[in-house]
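Trainee: Each chain, written out:
Protein chains: 2
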Amino acid sequence: MNFGGAFERLTQQLVKLPGVGKKTAERLAFHILSIKESEARNLAQAILAVKEKLRLCSRCFNFSEQDPCPYCSDIRRDRLVICVVEEPRDLAAIERTGAHKGTYHVLHGLISPLEGVAPEDIKIKELIERIKREGVEEVIMATNPTVEGDATALYLAKLITPLKVKVTRIAQGMPMGGDLEYTDEVTVRMALEGRRVL
Amino acid sequence: MNFGGAFERLTQQLVKLPGVGKKTAERLAFHILSIKESEARNLAQAILAVKEKLRLCSRCFNFSEQDPCPYCSDIRRDRLVICVVEEPRDLAAIERTGAHKGTYHVLHGLISPLEGVAPEDIKIKELIERIKREGVEEVIMATNPTVEGDATALYLAKLITPLKVKVTRIAQGMPMGGDLEYTDEVTVRMALEGRRVL
Numbered sequence: 010m011n012f013g014g015a016f017e018r019l020t021q022q023l024v025k026l027p028g029v030g031k032k033t034a035e036r037l038a039f040h041i042l043s044i045k046e047s048e049a050r051n052l053a054q055a056i057l058a059v060k061e062k063l064r065l066c067s068r069c070f071n072f073s074e075q076d077p078c079p080y081c082s083d084i085r086r087d088r089l090v091i092c093v094v095e096e097p098r099d100l101a102a103i104e105r106t107g108a109h110k111g112t113y114h115v116l117h118g119l120i121s122p123l124e125g126v127a128p129e130d131i132k133i134k135e136l137i138e139r140i141k142r143e144g145v146e147e148v149i150m151a152t153n154p155t156v157e158g159d160a161t162a163l164y165l166a167k168l169i170t171p172l173k174v175k176v177t178r179i180a181q182g183m184p185m186g187g188d189l190e191y192t193d194e195v196t197v198r199m200a201l202e203g204r205r206v207l
Numbered sequence: 010m011n012f013g014g015a016f017e018r019l020t021q022q023l024v025k026l027p028g029v030g031k032k033t034a035e036r037l038a039f040h041i042l043s044i045k046e047s048e049a050r051n052l053a054q055a056i057l058a059v060k061e062k063l064r065l066c067s068r069c070f071n072f073s074e075q076d077p078c079p080y081c082s083d084i085r086r087d088r089l090v091i092c093v094v095e096e097p098r099d100l101a102a103i104e105r106t107g108a109h110k111g112t113y114h115v116l117h118g119l120i121s122p123l124e125g126v127a128p129e130d131i132k133i134k135e136l137i138e139r140i141k142r143e144g145v146e147e148v149i150m151a152t153n154p155t156v157e158g159d160a161t162a163l164y165l166a167k168l169i170t171p172l173k174v175k176v177t178r179i180a181q182g183m184p185m186g187g188d189l190e191y192t193d194e195v196t197v198r199m200a201l202e203g204r205r206v207l
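Note that the protein sequences, when read in sequence, are chains X and P.
Take 10 as the starting number for the first sequence in this note's numbering and just add one per residue.
Take 10 as the starting number for the second sequence in this note's numbering and just add one per residue.
Don't read these hints as lab results, they were simulated from the structure.
The reader is advised that the hints may include incorrect statements.
A pair counts as met if it fits within one copy or between any two copies, since identical chains are not told apart.
Cross-link-like lysine to any residue pairs, in silico, SDA-like; alpha carbons within 20 Å at most [as the list claims (entries may be wrong)]:
hint : residue 1 : residue 2
1    : Lys45     : Leu26
2    : Lys62     : Arg50
3    : Lys32     : Thr106
4    : Lys62     : His40
5    : Lys45     : Leu57
6    : Lys62     : Ala15
7    : Lys132    : Pro171
Just need the whole structure built from these sequences, with the hints factored in.
Mentor: Next up, the structure:
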């Protein structure tokens with residue numbers, strides 16, 4: 010292709026976005042070329058504004074324009090129950106359910122020896138200090154049910170249980186609408202092991 | 010979700026991109042939040058630069074930083090053979106094959122009464138003037154094989170043939186690696202009708 014350096018540079022930037030390959034980057038760049046200049050400026054400004062305005066909450070490390078964040082400053086939320094998640098997007102997923110009335114703690118990663126992420130690289134120290142400081146009653150481990158998510162939950166449970174704090178883990182089992190025939194064995198086994206009285 | 014107005018505004022901008030739904034927009038916004046500020050600035054600047062630097066070539070209406078564009082100013086290209094495409098991205102697709110040694114003409118749309126696009130809304134007048142001015146020998150209709158693409162090609166053929174210029178249409182048939190069993194009937198019929206002696 011030969012649309013010039015500016016086009017090349019834009020596709021190079023777009024291809025860094027998650028889920029965007031070379032073809033999608035070109036499609037997006039063509040789209041940006043086709044929209045009004047004011048529209049493109051809105052997009053560019055929104056990108057800059059989000060970096061400028063959003064900071065990490067100093068208490069739960071969620072992204073927020075205020076500090077503490079709206080969840081931490083909401084007096085109707087139970088501050089003695091903390092839901093621990095890997096990333097802000099996981100917090101958003103839990104918020105969509107409306108099932109959690111407590112506060113959060115965002116780790117910003119999971120322990121992963123293979124990828125060189127040690128416990129001190131994520132917000133674990135801050136969580137432990139917060140638990141000690143605030144007299145927390147329950148810590149819900151809501152990391153994803155993956156090898157790293159399980160390992161991080163286990164690691165944290167070993168650190169937190171001695172502090173006389175209840176540590177729980179989100180349930181693993183069949184997803185709603187799932188089909189036993191097409192579900193992997195680990196999930197089916199988890200569903201069996203986690204069965205509850207009806 | 011409650012990450013604040015800047016986050017909301019960014020996802021609202023991202024959701025306007027083609028193929029980006031609400032979920033993808035949020036994923037992209039979270040990604041932009043997680044990258045370095047300098048990276049985000051590079052992305053925003055690349056968006057603005059592409060709008061600022063790229064113009065339409067005054068001869069073929071391709072996007073280009075120069076006028077005339079590199080294709081129109083390439084003296085090794087046959088200026089008497091024009092390949093007509095709907096959008097610059099189609100030009101890019103044809104360039105990738107290396108099979109076209111002539112120049113291009115980008116219509117920037119297709120005639121579509123349903124969507125209110127009339128012949129005067131796309132670069133048809135400019136094509137006809139160019140054909141008359143430059144003594145063109147062949148015009149290859151490389152619009153997509155859709156209802157609008159076919160109709161636009163036919164419309165142009167009726168305008169151009171009286172000028173004693175050869176008008177051709179790209180072949181329609183089975184795609185490479187295609188399977189007759191799973192190919193739609195129209196394509197199979199086109200493949201049969203367009204059969205060639207081996």
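Trainee: Next step is simple, just say for each hint if it's right about the structure.
Mentor: Quick rundown of the hints versus the structure:
1. Lys45 to Leu26: between (23 Å within a copy, 13 Å between copies)
2. Lys62 to Arg50: both (18 Å within a copy, 14 Å between copies)
3. Lys32 to Thr106: between (35 Å within a copy, 15 Å between copies)
4. Lys62 to His40: So Lys62 and His40 pass the 20 Å test across copies only (15 Å; inside, 27 Å).
5. Lys45 to Leu57: Intra 19 Å, inter 11 Å, cutoff 20 Å: intra and inter.
6. Lys62 to Ala15: Answer is between; shortest inter-copy Cα gap is 7 Å, intra-copy 28 Å.
7. Lys132 to Pro171: within (19 Å within a copy, 74 Å between copies)
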